[in-house]
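Read off the chains here:
There are 2 protein chains.
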Amino acid sequence: LKDAKRTEFNRLLDELHPYDIARIYELLPIKHRNRFLSFLNIAQLASMLQELDNEQQQNVLNHLGIEKAVKVMDKMDNDDLVTLLEELLPESKEKFLANMKKEESQVVQDLMNYSPETAGRLMTNRYVWIPQHYTVKDVMNKLREYAEIAESINYLYVINDKKQLIGVISYRDLILSEPKEQVETIMYERVISVTVNTDQERAAQIIQRYDFLALPVVNHDNVLVGILTVDDMIDVLIQEASEDIEKLSASGKDIDFDTKAPIAAYRRLPWLILLLFIGLVSGTIVSTFEETLQKVVALAFFMPMIAGMTGNTGTQSLAVVVRGLTSRDINKKVVMKLIFRELLVGIIIGLTCGILISIIAYIWQGNPLLGLVIGSTLVITLIIGTLAGTIIPLILHQFKVDPAVASGPLITTLNDVLSLLIYFGIASIFISHLM
Amino acid sequence: LKDAKRTEFNRLLDELHPYDIARIYELLPIKHRNRFLSFLNIAQLASMLQELDNEQQQNVLNHLGIEKAVKVMDKMDNDDLVTLLEELLPESKEKFLANMKKEESQVVQDLMNYSPETAGRLMTNRYVWIPQHYTVKDVMNKLREYAEIAESINYLYVINDKKQLIGVISYRDLILSEPKEQVETIMYERVISVTVNTDQERAAQIIQRYDFLALPVVNHDNVLVGILTVDDMIDVLIQEASEDIEKLSASGKDIDFDTKAPIAAYRRLPWLILLLFIGLVSGTIVSTFEETLQKVVALAFFMPMIAGMTGNTGTQSLAVVVRGLTSRDINKKVVMKLIFRELLVGIIIGLTCGILISIIAYIWQGNPLLGLVIGSTLVITLIIGTLAGTIIPLILHQFKVDPAVASGPLITTLNDVLSLLIYFGIASIFISHLM
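Residue numbers (this note's numbering), protein chains in the order written: chain L, 7 to 441; chain U, 7 to 441.
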């Protein structure tokens, strides 16, 4: 890089994808980074910035200075720009917005007014719209004019004179049509669109189901205001999958391989401390049955197995529910069917494991009644554990509680508490026969 | 539907997306389904079939009869057809292949020869390739000819006379160029491609990173043999996320809201039974410390908490690793850095929770030594639990063991065993002072 001649270097960069430029930038030693930045032109800086993580973006912006930074921002896609600005400190956000071209800063501020995780927040205004009276030839001319700025021009959206979305045409249609044909006659009228308030997850599902490359976004008057592109929707789908995994593991947000240890520990600790206190509840339960336990110490041998199994079956059910909630529309019928199904699953699993452990416990401890106590405990706790793993996340979903609350460890720990209560309850009833 | 006139009905269907037609079909009562099928033409049947699940596909094929079914298969995308055929019984697969057009069946059989989960298996042959000597005008003519059969024509791949991939042009380039310009001069030469043997996950990552709509697939001689489309890659990404969730929950493959209870129970049971036996190992450990436990029954009060916490921290680490493995390229340096990071996290978490529980145990049981035993146990088990949750999946990944083995419940259960061993080990040392 040091010896590279500027023009040669620029030709090379032009051939590279923004993703690769960003990776090269990150691999450079810090002292060479500024030199590298000075070699890039505004457009290259803009596309590279979109591929960097937030911390790096801020470093680059600080180095560029407000004037150049604003020029770069001008070239960025609006949706990426909004994400970048959201992460800045309020004062630097204001500073950048004030220095932008007025129309640009207006557009960006409009986007920021939509709630997070909606179609309005993620849409781009770099698309091509076609008035309904255009001919195919007019469209081709317009395309030539806009080809360089449009982010995605796979579909062309047709609007009427009120700017309402009334149809869509694809490249395929254009190529197969005569130049003088009217857009109105060849367009496809049943356009599937979302509104600015549609949840991003819902929009991503539509793109996935219909195999679309882009999806138009309209406001409440059906006026076309932007499009969602498939690449942004892939990121949404991946983000949702990560959230599911957080739910199952209570691992805390945003821990990846590069997170520093103290930060990772800090994000994980709140959950662990909460679970520690719930774990102490289990301890309190065991302590109330101290007498029972002292009389038949063998009861303690099966404690880990019973608590563990109940936790495991709950986690299994939770995984099925969490996964299903992201890909299905939920109604009362679906919920009732699911709960009934899981009840049946719980009964089958409970009976199988219960009978198995009865036999094992009988052989091991030579006490048929102990085997029966442990077996029947497992039947009951596995049914309850399965249902808890199903119903708790459904209730949380219903009340729109942050679903991270329905985490795997939480269900596991709750199931621990329940299973010990049942275990010692049953054991206490038969205590005189067990000794 | 009953009263619908055939032509009207067909016009309606023509306006609907295949996804919606498939959903309508599924919602119909079974007795009306065959009537519905008879209303569809071959092309409609083909696109609907691609949107149905495997069980429904087979019902439809059986109803159509071999002759019509083969015609429908002819119209299907090759990659979807291969998936369908793979799920059939070997004898019906052979029957369909024998009845297809020779060239079609050859293509399909070639695809089936690639290993599952590779680019070769998922690629489609419905794309447009352009010889390098073409002019822009020639390309437009070829496009008109192929527009109807090409699945995705967002990018046009340029090949030399050996059919090797040498460049790519986008619609944008075509529109912005003069008709008489040569393709060679406007094409982009640094085409990113994958080979037929590339793992599907890797290909999906490339599409995601570079925001591509399609990715060319070449054989070992760099001859262009197919393309991967973004919609198929979205399905791959979602499938990979589901596999991650299976790993964390050991919930078994392919359980969704529609799975029947006995099947769901059958898929979940193998794991639970394995975990039941591992849970008995915990029991055996506790039983060897029967004497210790009988002397200080209070030790049993903290058993669920210690085992639970160790399991939880392991699950958290597992989630971070599992998620990271799907999105990162792994090398020795990354692994060592990650293990060291998790060691630090374990130490921070262990010390925090350990000190906290020491104080609580001391206040609750009024025995400072008991508090110290429990606190120091938790420090050690949380460090070990964190490392186990990190190292076990990494080792399994290294040896390419089916990663489902590194499931959350398994790590939880293993951590149970380890933590009880440490707990009673420490307690036994101090037993004379604890009483």
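It should be emphasised that the hints constitute simulated quantities derived from the structure, not laboratory data. Predicted model only: the values in this text are computed from it and were never measured. Incorrect hints may have been included.
It does not matter which identical chain is meant; a pair holds if it fits inside one copy or across any two.
Stated by the list, open to error - In silico DSS-like pairs for lysine-lysine, Cα to Cα no more than 30 Å straight-line: (1) K37 to K343; (2) K99 to K343; (3) K338 to K266; (4) K37 to K101; (5) K99 to K77; (6) K37 to K339; (7) K406 to K101; (8) K77 to K338; (9) K148 to K338; (10) K301 to K338; (11) K266 to K339; (12) K74 to K99; (13) K266 to K343; (14) K108 to K169; (15) K37 to K338; (16) K148 to K186; (17) K169 to K74; (18) K143 to K186; (19) K77 to K266; (20) K99 to K143; (21) K77 to K101; (22) K339 to K108; (23) K77 to K168; (24) K77 to K339.
Status of each hint after checking the structure:
{"no.": "1", "hint": "K37 to K343", "verdict": "between (61 Å within a copy, 23 Å between copies)"}
{"no.": "2", "hint": "K99 to K343", "verdict": "neither (49 Å within a copy, 35 Å between copies)"}
{"no.": "3", "hint": "K338 to K266", "verdict": "between (44 Å within a copy, 18 Å between copies)"}
{"no.": "4", "hint": "K37 to K101", "verdict": "within (27 Å within a copy, 67 Å between copies)"}
{"no.": "5", "hint": "K99 to K77", "verdict": "within (15 Å within a copy, 60 Å between copies)"}
{"no.": "6", "hint": "K37 to K339", "verdict": "between (62 Å within a copy, 22 Å between copies)"}
{"no.": "7", "hint": "K406 to K101", "verdict": "neither (36 Å within a copy, 51 Å between copies)"}
{"no.": "8", "hint": "K77 to K338", "verdict": "neither (52 Å within a copy, 41 Å between copies)"}
{"no.": "9", "hint": "K148 to K338", "verdict": "neither (49 Å within a copy, 53 Å between copies)"}
{"no.": "10", "hint": "K301 to K338", "verdict": "neither (48 Å within a copy, 53 Å between copies)"}
{"no.": "11", "hint": "K266 to K339", "verdict": "between (46 Å within a copy, 16 Å between copies)"}
{"no.": "12", "hint": "K74 to K99", "verdict": "within (15 Å within a copy, 63 Å between copies)"}
{"no.": "13", "hint": "K266 to K343", "verdict": "between (44 Å within a copy, 10 Å between copies)"}
{"no.": "14", "hint": "K108 to K169", "verdict": "within (23 Å within a copy, 51 Å between copies)"}
{"no.": "15", "hint": "K37 to K338", "verdict": "between (60 Å within a copy, 26 Å between copies)"}
{"no.": "16", "hint": "K148 to K186", "verdict": "both (14 Å within a copy, 20 Å between copies)"}
{"no.": "17", "hint": "K169 to K74", "verdict": "neither (35 Å within a copy, 46 Å between copies)"}
{"no.": "18", "hint": "K143 to K186", "verdict": "both (6 Å within a copy, 19 Å between copies)"}
{"no.": "19", "hint": "K77 to K266", "verdict": "neither (33 Å within a copy, 58 Å between copies)"}
{"no.": "20", "hint": "K99 to K143", "verdict": "neither (43 Å within a copy, 48 Å between copies)"}
{"no.": "21", "hint": "K77 to K101", "verdict": "within (13 Å within a copy, 64 Å between copies)"}
{"no.": "22", "hint": "K339 to K108", "verdict": "neither (51 Å within a copy, 48 Å between copies)"}
{"no.": "23", "hint": "K77 to K168", "verdict": "neither (33 Å within a copy, 46 Å between copies)"}
{"no.": "24", "hint": "K77 to K339", "verdict": "neither (54 Å within a copy, 38 Å between copies)"}
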